[in-house]
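Chemist: The primary structure of each chain is shown beneath.
There are 2 protein chains.
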Amino acid sequence: MNAKLNIVPFVSVENMMKLVLTIGIERFIVELAAYIEEDFRRWELFDKTSRIASHSTDGVIELMPTSDGQLYGFKYVNGHPKNTRDGRQTVTAFGVLADVGNGYPKLLSEMTILTALRTAATSAVAAKYLAPVNAKSMAIIGNGAQSEFQAIAFKALLGVNSLRLYDIDPDASIRCAKNLAKFGFAIEICGSAQEAVEGAEIITTVTADKRSATILTDNMVGSGVHINAVGGDCPGKTELHKDILLRSSIFVEYPPQTRIEGESQQLSADHPLVELWQVMTGKAEGRTSAKQITLFDSVGFATEDFSALRYVRDQLQRTGLYDELDLLADPDEPRDLFGMLLRAEKNVGIIPN
Amino acid sequence: MNAKLNIVPFVSVENMMKLVLTIGIERFIVELAAYIEEDFRRWELFDKTSRIASHSTDGVIELMPTSDGQLYGFKYVNGHPKNTRDGRQTVTAFGVLADVGNGYPKLLSEMTILTALRTAATSAVAAKYLAPVNAKSMAIIGNGAQSEFQAIAFKALLGVNSLRLYDIDPDASIRCAKNLAKFGFAIEICGSAQEAVEGAEIITTVTADKRSATILTDNMVGSGVHINAVGGDCPGKTELHKDILLRSSIFVEYPPQTRIEGESQQLSADHPLVELWQVMTGKAEGRTSAKQITLFDSVGFATEDFSALRYVRDQLQRTGLYDELDLLADPDEPRDLFGMLLRAEKNVGIIPN
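Residue numbers (numbering that gives the first Met the number 0), protein chains in the order written: chain P, 0 to 352; chain H, 0 to 352.
If you're looking for bench data, these hints aren't it; they were derived computationally from the structure. Hints are not guaranteed to be accurate.
Put simply, identical chains are the same to the list, so a pair is met inside one copy or across any two.
With a straight-line cut-off of 30 Å between C-alpha atoms, the simulated DSSO-like cross-links for lysine-lysine are [to be verified]:
1. 105 with 3
2. 105 with 47
3. 241 with 135
Excised from the complex, chain P in its bound form (with noise of 0.2 Å):
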């Protein structure tokens, strides 16, 4: 009997913290960025399927499953844009690693940060590709939860060291603002998103109505900018006219998820989309001129959290900032179950009943 059978390492939302800060955000955005982008380049190995969203009034809940043949992952992850109301986040999320060999947890980790920090480190790999070259300067139109994780993968994987900040909500850009007020950063609060554009090399949209915006217009996108389009990422959510989708190259993650849930479900079912690994392992082209508008039409993939849960898991021995849960069964006998539990009698204390 293998004492710790019954325990499965936990990183809570006070380790997921520690974890970052005493790695260091960039340091840990590259990092996690480099196994992104290790199994983007591994794609055709994973068993993939779109996630499985349960729909309701006021959002969404979603299951995102995947597997390399060796691990499996999911992530749990909720979508409910009128939480902020009542001092609730928009998106929450846990997720778990398992061994595909005996389908046992590995880790159960929180998400929430961990899925600010890999869209941003999605983000960031995929305008490695795409986005002009030596691109510094950068426009971000939504200024909530996930800004400014987006601008410090972009400085980190990039250098971008020009932000252009816009929300409807002024307050969230001056927070934004504040926020990365030490990480080195030319910061410009501007009236519109009209504004915020002007100049800008690439273009990040990452608002959270639930709803169709037009957060871009034809008019305010001009030749040669990337645009990083991560807020429109549900059936009925987008930000951009259909017009700057049709002028643009359009990379995605997982094609039959994207055309349900992103900017790319403005288009007809066969419009081109290219996959973003493709272009990572040199089977599709990236970016082909300096005139070109390209589009990261990011909704989010299972594989980017596979990645991170990965990431976290290999940092857990060497930091030590887990806990450990009570999670698995573990009889002395396996097939036993039923004795575990009556042996455990001689442990129950005394309970109201």
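Given chain P, put chain H in place with the hints provided.
Modeler: What follows is chain H alone, placed relative to chain P:
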């Protein structure tokens, strides 16, 4: 700011055992069965989907989500028959219950023990509607981890008091009999499946091999019995000879899933299957004659786990048998996830890097 928004109640294996023993196994199963039956009766309310399975050489990992519009639940469960060789369980599981309105998890619970309890409770609920009137004797073929739970459920809900046990491993039968010693059954250990079914009014098959086996052949099954077929629960894993199915009235949980996973995978896609919820609500007939063979082709459906999680949640406040898990990020200002991370810096100790 609500200081507890980050917390999700967690029921560990230890607390689940205490909960079951505090309530009493029989009472726990009876109360759980009432929740399961309640949810079957409001079947049409549920968002139903076949489980999402990830198959590998040695087993399967599955996610089983469902929702009644108010609550969302899912279970993670694996099935790896070879696990017992290195001291692990064939099946382990955990589950989550969440609030559909805001997507926040309300409960994380071990479900290895809970799954055995809910499977047994579901079998007994089905048998209440399908077994011969006043059936008192049951054969159990396969005396592994789930067998005692099945026995106790049938005693608690139907008054079954005579058991005929058979397992290819005689030690399993001996252990099962020993574990059940204080529960008031007359128990006979049999030398073959054939011997076990002689005179039994109910036949429970609950073996674990992941292959098409023939635990019951046609000549072994006499008229009038109720077959509770638990072990056949994934593609390629069946226990009954097809001829038995052709002589039986077959009752199932969710036909799209059962036709893939259950004994019914041996039948044509249009073979009639009766939905259990329709029997419970009077929309379909259950047992109609004393000579009829009824067969509950049990595969386990997400609503049963949902019911089990609901039941466990309803016991927490009174018993206090849970831990508080720091699973959800709860920034002082909801949109300021990054700021929360920055402000955590003061709490980070010295960790070898």
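Chemist: Please sort residue 105 with residue 3 into within, between, both or neither, judging by C-alpha distance up to 30 Å.
Modeler: both (12 Å within a copy, 27 Å between copies)
Chemist: Within, between, both or neither: how does the pair residue 105, residue 47 come out at a Cα-Cα threshold of 30 Å?
Modeler: both (21 Å within a copy, 29 Å between copies)
Chemist: Is the C-alpha distance from residue 241 to residue 135 at most 30 Å within one copy, between copies, in both cases, or in neither?
Modeler: For residue 241 and residue 135, only the intra-copy Cα distance (27 Å) is at most 30 Å; the inter-copy one is 68 Å.
In summary, this structure violates none of the numbered hints.
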